[in-house]
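Novice: What follows is each chain in one-letter form.
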Amino acid sequence: MKPPIFFLGFSILFWGWQSGHWVWAVMLVLLFEGNRLFNFRYKWSDPDLRRISDLCTLFCMLLFIYLLFKWQTAGVMIMLIQWFPVLLSPIMAAQVYSSDDKIDVSSLFFVLRRRRDKGDRQKPILYNLTYPYIAVCMVSASAANIRNGYFYMALAGFACWGLWVNRSGRYPLFGFFLVFILAAGTGFAGHHGLHHLQLLLERKGQEWFSHIRRFDPDPFQTRTAIGDIGTLLPSKKIIFKVQSGNRTLFPILLREASYDIYNHAMWIATRPDVMSLNPDHTRRNWTLIPGYGFPEKITVFSYLHKGEGVLKLPQHAVQINNLPAAEMKLNRFGTMKASGAPGFGVYHILLNRAIQFHSAPTEYDLHVPNKEKRVLKDISIKLGLKGRSDQAVVKVVEDFFKKKFTYTLTQERKTGPGTRVGFFLTQSKKGHCEFFATAAVLLLRTAGIPARYAKGYSVSEYSALEDRYIVRDRDAHAWARVYIDGKWRDFDATPASRINEVNRSETWWNLFSDLWYYIRFKISEWWWMEKKTVRIKSVWWILVIIFGFAAGRFIMKRKIRNQKQVASTQRFTSRRQAGIDSEFYQIEQALTQLGENREGSVTLHCWIEGIRNKYPDVVLFNELSAITDIHYQYRFDPNGISPSRRILLKRLVKAWLDRFKRLDFKPSDLRNRRSMD
Amino acid sequence: MGQYLTVKRLFFYFYRRIYLIKRWAGRRFTAGGKFVLFCMAGTALVGIDTKQTLAYQIFTLLSAILATSMISGFFFRIRISAARILPRFGTVGEPVEYRIEITNKSGKVQNGLRIFENFTDACPSTEEYIAAREPNEERRNFIDRVFGYYRFLWLVSRKKQAETIPGPLVSIPAGGKIDLTLKLLPTRRGPLKMTAVVIARPDPFGLFNACVTHPLQDTMLIIPRRYTLPDLKLAGTRKYQAGGVALASSVGDSEEFKSLRDYRPGDPLRKIHWKSWAKTGQPVVKEYQDEFFVRHALILDTFWKTEHDDLFEEAVSIASSFAFSIQSQDAILDLMFVGTEAYCFSSGRGLLHIDQILRIMASVIPCKDQPFSNLTSAVLNRAHLLSGCICILLSWDENRKDLIHRLKSIGVPVLVLVLDRDIESPAGFEPDGMALDPENFHTLTMGRIQEGLARI
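Protein sequence lines, in the order shown, are assigned to chains A and B.
Counting from 1, one number per residue, gives the positions in the first sequence under the working numbering.
Counting from 1001, one number per residue, gives the positions in the second sequence under the working numbering.
Treat each hint with caution, since some may be false.
[Unchecked claim] If we take Cβ atoms under 7 Å as the criterion, some of the chain A residues that face chain B in the derived model are:
id, residue
1, Phe64
2, Ile78
3, Met138
4, Val139
5, Ser142
6, Ala143
7, Leu163
8, Arg167
9, Ser168
10, Gly169
11, Phe176
12, Thr186
13, His191
14, His195
Please keep in mind that the hints were generated in silico from the structure rather than gathered at the bench.
All residues carry an ideal CB built from backbone N, CA and C; glycine is no exception.
Here chain B stands alone, though its shape is the one from the complex (with noise of 0.2 Å):
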């Protein structure tokens, strides 16, 4: 076993430089420069032995051409001074534009510069690697599963935070400054961190970019991708809610003033309205009615054994757009998932505003180290609250079963949505429980969420 990992260890540090020298490459090579590089390799090959062919002649040529351009950038100095008006939200899989601010310092005027982003580094640690497993990934061949290379490929992907987008080449005058817009593709939610900017110049030929790095700190929050869902029409009827006026101080049923009334023993003193008696010389009570409204209870099944899985970033994708969606109309909604403990947010009517649910939904991670029956238990407490269920699975087992039936039972409406991975053959989910009700059991399989959601 110990050799086993340490096979492993030995493997993730090779794939780690290989991560490092191509990003490395990717960043310092422009595309001519990869054509180049590219060109060499094939006539290193081919040029192998002098004698049989001149094209060591054509890898020389190039490789001079490439070592002249990369001798360049030690040339290149600048000093700049840069600030970024970042805006406090972007969503994954749609482009943020942004600007910045760059000062030149030095004396000289400077031109065809590219900027770049850097961000936290996407590589996994060690740990990470060897505790993860790809989905799927035993649908690989027997030297990818042992070599595990798509298993780090993978975590990479994960792991990215944003892609930047190539912006436009640049020119900053001698001590002048320049305000640009940068766009940038997140694709992870969770907090953006921006670590540097980076100035890149190409040499003499367009091969090689020199770059230097300016480090500046800034953070954006991405929040999860958002689905379209339909006009919602949620079951459910108005349920009273003890001491819900705070809730809900100014639309609908609220707990307001109704009339006053004779004191009737018994009635606490606080209700006593003291101008009134003053004026009647006999104690008089305010009357309040009591509060009925709408609430939704968003049940996340956070309740999943790997980091950064698709299925479980389209649940809370999924969430995100019903807290979105349930946020425009009259209703309190709770948000109900497990993370270190049992969380309930609760939102509308004057409580948390939608950035702040969706500032929590950017943060969410699966729960790996405790029972389905914590959430279970969390939803039963609050279900005489409760209106409706919004229930979001990742699986369809006999404790998500369960949970479902005792929400039925003691008479809550339930929508249930449960993920499918498989797209080739899905699994075509029983609705047990739900057989009466099958209209609100819905599979979501992924890559077609959209379509999906499209029929609830």
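Here chain A stands alone, though its shape is the one from the complex (with noise of 0.2 Å):
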């Protein structure tokens, strides 16, 4: 197969255009399509092969550690696919200036050229390497990962440029276009699907391993998205809710785990000092600041998988209460979790805005990693951070960031040097808020001011239906708390924009997976709110309904059966009657008068070749084999017999017997010529 003319060039210049290597582009095209100008051709002998082979492999080789060695990152495979058409040039200018159409594959792959050497294979394997170097440049201009829609379109034309060159004649032009157009529409829609199923199983298997391994955060380490491509999908699951007498208190964050060292997207908690706490005597309330007031109370409604949980607190938490657990572990940074409590949690957190947990800072929490150290020294010099008072600084830390940069779900593939958070705050200025929150603690701690970096629920959907806020999935934030005038304070850097962009991923279809949440939620609630004995009336219950349904599912499907067994037998039944009238039981009749019998078990066929064989002089009875054929299709066939064969088979029947009376046979003369024979 041979690609048509400038086919090559012009997939050359695509990859070109996707990847930004234009003068590469350029100079290969010049090279492969400039082969018309000249008669210079060359016999390639296996050695040559091997050789050329041999280089390719070296390019790759050299440019894969050259590329390891800069950017040290698992992405270089991708950036080395993209230099393909580059690397295996050689070998395509060795097929381009051929002398032959098509060049022996078994001299380039190593484990063909072993196969060929021990004899194994003889044969060469002959091919035209252009269409799969085009296949090449089509995977590294892929390897560009530009979403903007004009790779699938340049795509689908070079594919039915290709298609059309080595179509079929049988086919019309229009019938072509409008098959290839299905199937680039089917295409499109394919792969908007596929993208969107595997981040729809990236979720789900997160969450699935997270029930696996534990219902709620570790409290000592967390993994940001903070390096991963694409757009993060948060789903509207309802995580928990939360009611409150007061509403000036929301919107509000509630927190579940603290960390102070950040390092390659993961923020560790270190030396978390795990103390136990003491319940009261009712085994339910657990005290967090002992010695306060609490002139506030807000109320969680929340699964507590398997009985455990960390749990959601603001930062003026004093007290909880109404959480029946075996247990309950405090750690320094304020992060509370439950042990052997129900599966689901009814709580009160008590607030005083007066007091809040204290944790005093330590090294850590100015912990800067190195690699991240020059470009927030930079920027700490451009916003003049030194010099300023601590509230001054957060001040324009939190304009910085608000101002100059936009809250985004989808991250682009990082170019050039550094780290992701020194990408983020230098050149894309976009992110999702462990972004935000990140880079405001280490900027933070540049300018010497201790911070950590905290996870938990930002709280704002109020539900007039429920008269509670309603926490989702995609409420999951993170955020920095910063350690001024003694007092650790939530310092949320994320743009407010945060909100619509979340929101701005729903569709029409987001109504009935809000109903499901809701309902779900509801009989989580219900099923662990109830008494033990009403769960148990109700499983009672519930399964007496299904087997209802399902017996009156069986008795009525047995009766639809007999229905239709009754009505096949039935056809059955008129489908035998039908054929019980055939007039050609009369013909058998007159014969049998005649004595010629017929056995139950000899077909009818036989019966008439036996009468025929005794009397060949009888010209009549050649004529019984195909009345018999219309008669047996009458008789036998499933989809019975046309109108117009049952007057043939009357009218045969009626004429043969007609002349057969003519002829006046009489049982005498069979037997007559019977002795004589």
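Take each chain as given, in its own frame, and dock them per the hints.
Specialist: This is the structure we're talking about:
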């Protein structure tokens, strides 16, 4: 297969456009398409092709090593793929300037070479490498990952061009394009579906694994999505609900855990100093900060997977009430974890805005990773953080993020050297809450202010129906905690556009998912809130209903099946009856009267054949075969017989009987003939 | 042992599935379709993470195109009748041309069709796979020996009867008939059974063939490959052939009427010439001349453990070459070998024709259940009739040496050809027993058979 003229050149230009390697693309086009200007061709021998192949392998290895040392990330393979058209250009040049149309591929691959050298395969594998090279160009272009829709359009155009040239001549132009548009449309829908399916599976997988391992975050470390490419698609699954008489408290940040060391997209809580809390005599109330009043209260309705869970706490929580747990642990960051509790908890958090859980800052609260230091220091100088008061620094940092950065759930590939956080701060200036929280913590630390990374939920969605605040998976949030004037304060550097951005991904079918999550949460709540006896009763009732439904279905099904059987039997009987009135039986009767009785096991054809053999001179018997065929069809064909053939059968039988009667055959005649024979 | 056999059966099950899929794909996908499949596999690998590259878009586009092509295959309807006009014989390794008439019974012109032939299934049975051992299998690595995939491939290649050589694209008018000349390449001797004609129609993109199979049974006999032999000067003299008149009715020193002579007591009555007696009044008898002519034995060693072995096939090819060559000389050739019993087929001088000998050659199979002595005794029983012997032997062991020794001892000139499999390090058999006659002892190495025969 040879591609059409300039197909190769356009493919290379397409790669150049997508990858940005325009200069290389133009050079390759000139090299390959320029062969039309020269008559020079070379007959490559096996050693020549081996050397060319080795050269390409060497190029690939050298570039791989270079990229690996330069970027030190797992993404170097993708970068390498982008360079394949250049790396494999010697092989393509050999093809283009070869005197033969095809090249022996077994010279290019080590495994095939070895097999040939061992004598396993003697025949050369001849192939024109132009189409494979074009395919390489397409894959390399795809590795550039430019998601603007033009890629697919251009790809479909190239596919159409290539298929058009090699199409079968039996189809008209219109038919070809119609089918291609159908295929391209299906492919378009397919790749959207595939991409979303992967995102969905990733999310579900994470959810599932979080269920397997633990329902709540790890109080000791958390992995952020910093460094992931693509779009985060948080679901609308309801995680918990909050109720409070004082709506001025909202929106509120409910913290699950805090961490102090950042390293490679991970936040770690060092030396957590976990201690157990003692409940009061009811074993339901747990005091976090003793000796203070609590004028305000919020109630949390939340799952506690297998009776364990990290509590969602506001920064001024003083006491937890109504949570019957076997054990309650508290670490030095203020993270509380209950165990031995019911599967669903409705607990009250008592607040006092004048007080908060104290945790003295350590040297880790000022730790900045070496890799991030240079960028952070530059920004710190640029913002003039040095010499300002702590409050002023916080204000400047907040303005810096809220004015110059945008919130997005989609992350593009990092270009250039440096870390992901550095890229966020200096180049992309777009990111999700984990970027903002991490960058804010590190920037504040660079300015000399102790800061921590906090993870939890932002509570803002009020449901008037239930008079509760609903907290969904998409409300998961990260923010900084900053130590000013001897107190830890929540500092959320994420722009306010976050809520709009999160809501933007909603579609019409979210209505159904909302309903599903609502019902699921309600059932869980009811299940755990009801008394055990009621639950058992309910289960019995549900089983009775299901059993009744199944029994009803079974009885109905049997009834329908019986009806079907009856109908089938009737049909069968009617079919049997339908053939019984065949006129052929008159012929059989006439012949029987002449003494030619048919045994029950003898088929009509055999019987007639026997009569014909006995009386070969009676021409009339020869016609019986054709009549028998129509009779058989009428008698046994499940599809029945057409009206015209039915009439034909009647006519043939009648005509035969008339002629038979005219012959005036008598049994004695036949007997005489037999005796003569 | 039982577990080992179960594992082998399991492997065979998978290999058979792979073979069937490959056969199906080989016929259904055009070269373009196979390329698209290859690209799909590549892009699936590169685009496994849809966030990292756009290769998944290439994958989905190609999948959609191929799926459309495959779906379009469901709409192919054609009614045909076909008849083949086959030659009587084909030869292994030589393309055979034959004609086929195809009638389009549907009311639509059919363009761009391809015609394929279905042969009997080349896939071995489970028992064959379990019992088989690939030649030189011990040289394969441990994994290959355990999994036995190469053994399966070898068996398939041995059992494959022929390859279809792709013909041109065909157009058949509505209700019309075409007469095509197709080619196939026989790869194995024996009866080549053709079971059906397959009409393949490409889809609009030219990637996938929709096929309609028309059952049509025909058989052609494939005779062994033959080598060119030099002008043979076989040693030996003419021998008396008792009762050989019927064998040589018209050529050479046949047992023909010589003269009339007077009756002597003891002459058989059937030799009395009644007309002369009537004329002369004295009993006169006819006198005949005894038969003396050259009779060679072509002894084919069939004592071999494995079927479909290249070495055995080469032995049959060499025997066929000799049979074909000696037919052109005025001699009788006794083809002797042991199958289910010891066989001897005489040809030449009015006996079996070369066609019949080649038919026999096409059907020879290795003898695995009888001792070599059966052949020795069969040959020695006829040794007194033989002018010379051509022995094609598969090895050079004591049994075979004994046969040659005994033939030599009763004065039968012998030409010994021993086959050697090893190309890299030929065994270089010592001509024990043939030491005094080394020019009639030849070792033929696989892959260099023609070269070896040229030296005879």
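Novice: May I ask you to test the interface hint for isoleucine 78 of chain A with respect to chain B, counting a Cβ-Cβ separation under 7 Å as satisfied?
Specialist: holds, 6 Å
Novice: Would the hint on phenylalanine 176 of chain A stand, with a C-beta cut-off of 7 Å toward chain B?
Specialist: holds, 5 Å
Novice: Taking the closest Cβ pair, is threonine 186 of chain A under 7 Å from chain B?
Specialist: Interface hint status for threonine 186 of chain A: holds (4 Å vs cutoff 7 Å).
Novice: Under the criterion of a CB-CB separation shorter than 7 Å, is histidine 195 of chain A in contact with chain B as hinted?
Specialist: holds, 4 Å
Novice: Against chain B, run the beta carbon of valine 139 of chain A and see if the smallest gap drops under 7 Å.
Specialist: holds, 6 Å
Novice: Hint phenylalanine 64 of chain A vs chain B: min CB-CB distance below 7 Å?
Specialist: Interface hint status for phenylalanine 64 of chain A: violated (15 Å vs cutoff 7 Å).
Novice: Holds or violated: methionine 138 of chain A as interface residue toward chain B, Cβ cutoff 7 Å?
Specialist: Where the cut-off is 7 Å and the nearest Cβ of chain B is about 6 Å from methionine 138 of chain A, the hint holds.
Novice: A closest beta-carbon separation below 7 Å is what the hint needs, so does arginine 167 of chain A meet it against chain B?
Specialist: With Cβ-Cβ at 5 Å, under 7 Å, it holds.
Novice: At a threshold of 7 Å, is the proposed contact between alanine 143 of chain A and chain B supported by beta-carbon distances?
Specialist: holds, 5 Å
Novice: Against chain B, with CB atoms and a cut of 7 Å, does the hint on serine 168 of chain A hold up?
Specialist: holds, 4 Å
Novice: Hint serine 142 of chain A vs chain B: min CB-CB distance below 7 Å?
Specialist: holds, 4 Å
Novice: With chain B as the partner, please determine if leucine 163 of chain A meets the hint condition of a C-beta pair closer than 7 Å.
Specialist: holds, 5 Å
Hint 1 from the earlier list is the only one contradicted by this structure; the remaining hints agree with it.
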